[in-house]
Structures are given as structure tokens and as C-alpha cells.
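Trainee: Spelled out, the chains give:
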Amino acid sequence: MTIRLGLLAAVLLLALAPLGLPIYAMTLLTEALILGLFAMSLDLMVGYTRLLSFGHAAAYGLGAYAAGNLLLHTAIPLVFAVVLAALLSGVVAIGVGWVCTLATGVSFSMLTLAFAQLLYAVAFKWTAVTGASDGLAGIPRSAGPFGMTAFQGKTGFYYLVLIFLLLAFVLCRALVNSPFGAVLRGIRENESKTRALGYNTRAYKVAVVAIAYGLGGLAGALYAPFAGFANTELLYWLFSGQVLIMVIVGGAGTLIGPILGAGFFLLVQQYLSVYTDSWALFFGLVFIAFVLFVPQGIWGLATARLGRAGRR
Amino acid sequence: MDFAGFLITQCLNALSQGALLFFLAVGLTLIFGIMRIVNFAHGAFFMLGAYVGYSAVHLTGDFWAALILAPLAVAAAGAAFELGILRRLYGRDGGAFLMVTFGLTLVLADLIRLTWGVAALEVPAPASLSGVVFILGEPFPIYRLFLVAAGGVVAFGGWQFLERTRLGLLIRATSQNAEMVHALGTDIRLVRSTVFGIGCGLAGIGGVLAAPLVTASLGMGPNAVIDTFVIVIIGGMGSFAGSVIGALLVAFVQVFGTYYFPDLALAFMYLIMVTVLVIRPGGLLGKEA
Chain A
1 MTIRLGLLAA VLLLALAPLG LPIYAMTLLT EALILGLFAM SLDLMVGYTR
51 LLSFGHAAAY GLGAYAAGNL LLHTAIPLVF AVVLAALLSG VVAIGVGWVC
101 TLATGVSFSM LTLAFAQLLY AVAFKWTAVT GASDGLAGIP RSAGPFGMTA
151 FQGKTGFYYL VLIFLLLAFV LCRALVNSPF GAVLRGIREN ESKTRALGYN
201 TRAYKVAVVA IAYGLGGLAG ALYAPFAGFA NTELLYWLFS GQVLIMVIVG
251 GAGTLIGPIL GAGFFLLVQQ YLSVYTDSWA LFFGLVFIAF VLFVPQGIWG
301 LATARLGRAG RR
Chain B
1 MDFAGFLITQ CLNALSQGAL LFFLAVGLTL IFGIMRIVNF AHGAFFMLGA
51 YVGYSAVHLT GDFWAALILA PLAVAAAGAA FELGILRRLY GRDGGAFLMV
101 TFGLTLVLAD LIRLTWGVAA LEVPAPASLS GVVFILGEPF PIYRLFLVAA
151 GGVVAFGGWQ FLERTRLGLL IRATSQNAEM VHALGTDIRL VRSTVFGIGC
201 GLAGIGGVLA APLVTASLGM GPNAVIDTFV IVIIGGMGSF AGSVIGALLV
251 AFVQVFGTYY FPDLALAFMY LIMVTVLVIR PGGLLGKEA
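Going down the list, the protein sequences come from chains A and B.
All residue numbers for the first sequence refer to our numbering, where the first residue is 1 and numbers rise by one.
All residue numbers for the second sequence refer to our numbering, where the first residue is 1 and numbers rise by one.
The hints are simulated quantities; they were obtained by calculation from the structure and are not laboratory data.
It is possible that part of the hints are untrue.
Stated by the list, open to error - Listed next, the stretches of chain A that the computed footprint assigns to chain B, with coverage defined by at least 3 CB atoms under 8 Å from CB atoms of chain B:
1. 49-60
2. 171-180
3. 272-281
4. 291-305
What the hints assert, rightly or not - Pairwise CB distance ranges, derived in the manner of DEER restraints:
5. A/S178 x B/R164: 54 to 62 Å
6. A/T276 x B/T215: 48 to 56 Å
7. A/W126 x B/R164: 28 to 36 Å
Beta carbons are placed, not taken as given, at the ideal position from N, Cα and C, and that holds for glycine.
With the rest of the complex left out, here is chain B (with noise of 0.2 Å):
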């Protein structure tokens, strides 16, 4: 086997596997940076955004438009949540919101079960998509790099809305003193609506995008929300970029780490965490800690 040929792909299936990650990653740290919330159901969500993406794909009978569809409706969800819910616990501890989003989780998972029933349900790739290109002499799935590309865009899209836009500025103006924001005439209360629909919305598209490699299935909520969670303890609570480094070290742990040391490769995953908790208590870029 040609190793350079291996090593790419292999780097290029942990880099897929970041972009998924990211999504998940970037969605939780957005509504903790802007509510102070962690967002217990954020799995929950991802797990929903890939079971309405392929009800949507067979309604349809286009991945694109349920690609689209989707995550609309999971940020619809999501806000709808927010102003239901959510609302009246301003003022509470963080641990409320995360009891509440727990119990979520549980009506979430429940409800996707009663609507879909049990078995795993196949989602399939985009015909343009699906088949392999040769990266020297190694076959690799031309899905996977679609996904390499979608989260470098999603990432740089998210990072010039943060910084070019006025809701981008709103979102950044709120998440250092919210108070400040609503005195100078915002309605803050609409801006934290938006922005965990957002957040929601974002794990929905992870879900859609996963759905086609992982298929759509009840264990992939849970999974999700423990790895977003190590990856926002990794890059630091609330820190975009924090989202995007701590998502590719933990994506490049478990592809290489799965490979060489089968059995050791999850135990790596946390004991990152733990190195980088003693170093940095906040995370990699994290400012609290």
C-alpha cells in the first residue's frame, strides 16, 4: 500500500469527520456564548435534522432541497422551544436549562421513535455525489469530500456573518454584556430566540449530511451530544474557533487513533480533555475558567 496515498485519505476522512463534528460543535457553542445555556438536546436535534431529512428526501425525491428543508425545521423547533420553554427560566443556575434540555432529549428521542419506529433508516447520497475518485491510487468516497467542503464553507461563512454582519455584531455585542445590548434599544429576547434556533439549525445539518454515511438511527443522538460536549470543553465554552480546533483534534483522534490502537482510541479522546483541562481550565480558547 502506498502510504502518502493512505495517509491522505485518511487525513481527509478525519477532516469529513470534523466537518460533522463542527456542525454540532459550532451550534452548541454559539447559544453558549450568546445565553450561557448548554444545550442538553443539542443531539437530539442532529438526531431530528437526520430523520426529517430523509422524510424529506423521499417527499421530495432531492437531497438538496431536504438539505435545505430540514434544518428550517429544526431551527424551527429549536426556537420554538426556546420561547416556550426556555423563556421562563431566565435567572435560574446553567443547571436548569441543562435539566430541562436532559428532559427534552428524552421527549425528542421518544417522539422520533413513535413517528419513524426503530430501524435505521438508509439515506441516500446524492447521485452526483455517491461513487469514489482515486487520490493516489486509494480509492475514497467523493461524499466524504463534499462534506470536507461544506464544513470549510460553513465554517468561513460563519466566521464573516460573525464578523461582517450586524446580527453578526448583535450576536457578538450580546454574548460579552447582553445588559449593555438591550439598554442601547435591542430586544435581546429575540436575539436569543434566533440564535438557538440557529444553533439548532446547524445540528440539523449535521444530521442531514451525517444521514447519508451513518444512516439515520435512535443511538445517534447520544453519541453526538458526548462528543460535541468533549470537543467544547476541548476548544473552550462559547469560542468559534475554539469550536473548529476542538472539533478536527478530536475528528483526527478518533480516525488515526480507531486505526492504530483500537482499543485505546476513545480513552484518547478524554485524556486530550483532561490535558487540556489542568493546562487551561477554560478550554484551548476559552476565556472563563
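Bound conformation, chain A alone (with noise of 0.2 Å):
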């Protein structure tokens, strides 16, 4: 109950943010929202169905792209473009995903990762739709549709990226809590006992990699229109690692746990950058600590408090 009543607030004071803060911090603040519905969209596969993936930048890769070319070379609108993205993104999924299931454990954590340097690679080669090492660039926030112009402006992309974040939310809410949720849980905790139960568990896993490409894809799609270009470090294995930590620090497994990791790493990332360049060994060690000494997260500790303190 404090939870939810904590999330509606939460909600309230972003949907108020743009009237009280500076350009700066609401730019920061956009792209935390994009990053933390990308952490969010990997939490899906880490944190519910323990497929631990080293190449979720493929995901945003490919939206980012994606837009960036429908937005470039089309007068689709800005909405449109990044929902076309977005399926496109989980669309290549079920390719990566039917592939990657192929093996189990570590073996996929290193395929996806390995899926991800190709598209990297290729990335760097296919000059005529990433535009190579230069990337995209003079992303434009296309109006429309009915000539509608509300997104194009600073604060109401922030709005498009907060509804787009929050319909996300509900949506893998919704995911979890369902039938699928219940069976991606049992694959997490032993998947040879749910397919003994006579699921079939690798076409669940196929399932979830193209669900959490595709929201993936759709944080990408909006990063591209944001930032206004595309290059190749979206596709480059240090962000996959980067989304990674923000899971795991955040909390894996409850959905808000990763928004709030990804609001973390940036925050700290924008602080750090200001005194060193060593925000690698700094984030490596706390990722370190994470992993050993509080696997639940943040959000996991937080939430394991608040109920201990509900049950007294």
C-alpha cells in the first residue's frame, strides 16, 4: 500500500517536473527516463526469466537506427517512427531470441553478447543506413500526425518519453503478474520442472527476448530523436554492461528497482565526470559490491525493509 501511494506520487512529481526545473536538469532527467525504461525492458529477461543477456545495446541499437532512418528519410511522425522502431526491435528478436536459446546459461549470456558485436560490426560497415563511424546525425523530431507539434519541444518530448515510459510500466506490470509472468518465474527458478509441467519453455524464452527487444528498441527509438543522433557506442558491448549494472544495482526483478538504477548510474556518471574520468573503475567496484554483497538491489533492500517494517 505505502508502495503504491509512494509510485503515485512518484508519478505526480514527474508529471510536474518540467514546471519546476531547469532545461538542464530536465534534459538529464529525459534521458534518465529513456535509460530507465531501457533497464526496465532488460529486467524483463534478467530479473523474471534469468536470461542474463551482455548484449541488450542490440536492442537499443536497432531502435535508435531504425528512427533515426524513418525520421531521416520519411515524413512519418515522431510517434509513429518510434513505435515502427520499437516493433522492428522485437521483430529481429525473434530471430536473436530463437538463436540465442539455442544454449542455455552462460553459453547465451555470451551469445547475445555476441549477436550484439555483429550488429556493431556491421554497423561500422553498412555506411549507406548507419552512416558508419560518423553515425546519424540531424535526427528530426518529425511533427504530426494532424501537423500536431506538441512532442517537437524540450518539454513535451519529456512528456512523450513519460507516457511512453509509464504504458511500458504497466504493460510489464501487467506481463509478470499474468499466466506468461507466472511461467517465465518458473523457467527462472527451474526449467526443467515448468517444461516437465508441459510448457514450452524455449518458445516462453523466445517470447520474453522479443518483448524486452522491442521495449528495448523503443527506448532506443526515442534516445535517437532526443540526442538527435545515432553512432555506433549505442551498439557497443560496454553499454550492454552498463544497462546491466543499472539492473543489478537498482534491483532485478522489480521492475521499478532498474528505473531507479538507471536514474543512479547517470546521476553518479554527470557527478563523477566533473572530478575524474574513472567512472569505469568506480562503477566496476560497485558493481562488484552489488553482485556479492546485496544481489537484491536497492530497490530489493528497500522494499524488504518497508515490508518488515509493515508486518510489526
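Since each chain comes alone in its own frame, lean on the hints to assemble the complex.
Mentor: Set out below in C-alpha cells:
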């Protein structure tokens, strides 16, 4: 109950944020929400199905490049371009998921990484679509539909991101609480047992990979018109690792935790960059510490405390 | 151009490349075989080998001394990490190890950057190995021939070590049934630390040997670890012979692919991996699916 009220308050605060925050902070917040959406999508795989992906940047990059091309070369309105790009990422993921689920456990992780690196290499060669090492620049926020321009400005775009994040959150929440989600948790706890109960676990895994990539692609598709560019960095293995850090530090298997983790990551990175360029050293150590000592993450720890307090 | 000469030099190129990849893959597969751990930091240890090798060459003025000292230093670093951190994680699932070693990758890469800077560092090949020989009229660097020999020696030596020595026996036994080995009175924890150290040390040897060829640079770690993952997936996780076959296969595909289809070379490597996975999900010589 406390948590539900807290969530409502958080949404209200986010909705009112543009009234009080300076432009610089709004830009940061918009990026945090995009990254939060991205981290939450990975949580479906990592937290709920124990499919540890080391290549989730592939989803983000696919979405970003797809949206970038649609916005640069067609007159499709921003909102539709973003949704189309997310769908494309999800459809590609059916193939990726099919191949990667040939293996299980750590081999699955290595395959997801290999696939993301393949895309990274392709992005460097396929100049016509990706702009090679220059990337795509000047990606516009196209108007419409019906000549609507509400999402073009900084504040309007922030609300667009917020709406997509909330929709995605509601979708994920419904998903993990549905019978489908129960099967995913079954796979997480004991895949052979779930298979023995008659569920085609491979099909469920491919489905969750596709959904996670679709939502991850949505995040990437929002990033392209947010930043105005898309480059190969978005497909790099380091980015896949970073989003995994956000999920684990925030709290895997909680949906909210990874969103917080993304915000935490971005804030610390901004703060650190003032003093040092050794963010990797810092996050490497933080990540090791969390995996060792706080595997449930910040949100997992907080809700456990709240739960105990509630029972008292 | 003489086609036979071209073919032979390209094959030797591939063999030397395969030797370097083998040093990486065999360490990774050895560690996995014993500990069921995938060491994400393997590329970082490879890179550490190259940088420590650079410093050792400059301190001692002798490449051969560096080739012994640097891998020992890398092995010590690996064993220390196993003792300090990994040991706390036994009993957790494989993902935890992958994540912790990923964290170590970030830390090591940043420490290397802070210690040696961002510029690529040249490591000269020893004088006795610089220069070229002519094979059927084609010039070929002697250093690459040396790499082929070194890879062959270590592959043969490693095989004999596993088959004929007491530690080799322990390692093979532990990979089959760690609890039983423990029950029979061997300190498994010592075997694990040793194996993790040896595996990292092998990556370190690869790093020192690669340095004169490609310079020591911050990009070498990530590239190396992904190639290595592909190799052990193809060859079979935990299989010694699989790592030899996988390394050679990937090296030949890389060298000939780059020559004939420069734009598709990389895709070939992944295509082979996917084909192997579809036919044998555990890899060519792997036991587990």
C-alpha cells in the first residue's frame, strides 16, 4: 500500500517536474527516463526469467538506427516512427532469441554478446543505413499526426518519453503478474521442472526476448530524436554492460529498481565526470560489491525493509 | 604472384593468429572446465599481459625475461582475485561470476589506462626474431613463425601436462567430479586458485606475444574476449582439444575471409558459430548441451 502511494506520488512529481526544474536538469531527467525504460526492458529477461543478456545494447541500437532512418528519410510522424522502430527491434529479436536460446546459462549470455558485437561490426560497414563511424546526425522530431507539434519542444518531448515509460511499465507489470509471467518465473526457478509441467519453455524464452528487445528498441528509438544522433556507441558491448549494472544495482526482478538504477547511474556519472574520468573504475567496484553483498539491489533492499516494517 | 607461395604464407598467417587465440581460449576453457565459471575478464588479463610485458621489456631490456615475468604477474593477479572475490561466490549461479568478472574488466581496463595512458605502446620483437624469411619467394615475418611454434609447443605441452602429471590428473578429476576429489582428501580450493591463476597466466602469455604484432592498446581486451567466447562456444566449453580446433577454425576464417570477402569476414565467424550451435548445442567437442 505504502509502495503504491509512493509510486503515485512519484508519477505526479515527474508530471510536474517541467514546472520547477531548470532546462539542464530536464534534459538529464529525460535521458534518465529513456535509460530507465531501457533498463526495465532488460529486467524482464534478467530479473524475471534469469536470461542474463550481455548484449542488450543491440535492442537499443536497432531502435535508434531504425527511428533515425525513418525520421531522416520519411515524413512519418515522430510517434509512429518510434513505435515502428520498436516493433522492428522486437521482430528482429525473434530470430536472435531463437538462436541464443539454443544455448542455456552462461552460453546464452555469451551469444547475446556475440550478436550485439556482430551488429556493432555491421554498423561500421553498412554506411548507407548507419553512416558508419560518423553515425546519423541531425535526426529531427517530425511533426504530426494531423500537424501536431506538441512533442517537438523539450518539454513536450519529455512528456512523450514519460507517457511511453508509464505505458511500458503498466504493460510489464501486467505481463509479470499474468499466467505468462508465472511461467517466466517458473523458468527462472527451475526450467526442467517447468518443461516437465508441459510448458514449451523455449517458446516462452523467445517471446520474452522479443518483448524485452521491443521495449529496449522503444528506448533507443526515443533516444535518437532526443539526442538528434545515433552512432555505433549505442551498440557497443560496454553499453550492454552498463545497462546490466543499472538493473542489478537497482534491483533485478522489481521493474522499478532498474528505473531507479538508471537514474542513479546517470546522476553519479554526471557528478563523477566533474572530478575524474574514471567512471569505469568506480562502477566496476560498485557493481562487484552489489553482486557480492547486495544481489537484491537497492530497491529489493528497500522493499524488504518496508515489508518488515509493515508486518511489525 | 606465385599461388602456392601465397597459399602457404596465408596459412602460416592463420596458424600464427590461431596460436594467439589459442592462448586465450585454452585458459578460458580450462577455467570453465574446473570451476564452471566464464571469466569475462579474460580479455582484460590478456591486455594486462601486453602492458606488463611492455614495462618488463623496458626494465630488463630482454623480451625473453618479459615473456616469463609478465605472465607470472598476470597469473598472480588472477589467483589473488580468485582468493579475494570469486571464492565468496561459490554456490551462486554462473551469472554471478560473469557479472563480477565483468566488473573486474571495467576496473582492470581503467587501472591500465591510469597506469600506462591511452596511447598505444610499441613492443619491439627480439632482434633474433625480427626480419623476414622467404617462402617460395614470398616474404614472411620470422616472428609469426615463432608464434606458430610457440602455440604448437604450448598446445602439446598442455596436453601432456593434463595427461601425464599429477596436477593434470587432479585438474581432470576435478572437472569431472569436484566433490569426490575433495572427499578423497585434495584441497579443491587450492586447485581452483591454481587453475584460475594458470588460465589468466596463459592469457598473459598471449598478451606478451601479441604485443610486438599489434602494439599494447586499450582496445585489445574487448576484441580478444569476444573472439575467445566465439571460439569456446564453437569448440565446446571446457574442452581442451575443442579450444585448439575452435582457435584454428576462427583464425583461418578471419585470415582468408578478410582476404577474399573483407566486408563479410566477421559475419562468417558468427555464421559458423550459429551452425555449430544448431547441430551441436554444446559445441563441437563439448559434453553439455
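Trainee: Confirm or reject each hint.
Mentor: Structure-based check of each hint:
1. 49-60: Holds: 3 residues of the segment 49-60 of chain A have a Cβ under 8 Å from chain B.
2. 171-180: Per the Cβ count (0), the hint is violated.
3. 272-281: holds (count 3)
4. 291-305: With 3 residues close enough to chain B, the hint holds.
5. A/S178 x B/R164: 54 to 62 Å: holds (58 Å)
6. A/T276 x B/T215: 48 to 56 Å: Violated: the Cβ-Cβ distance is about 26 Å, outside 48 to 56 Å.
7. A/W126 x B/R164: 28 to 36 Å: violated (51 Å)
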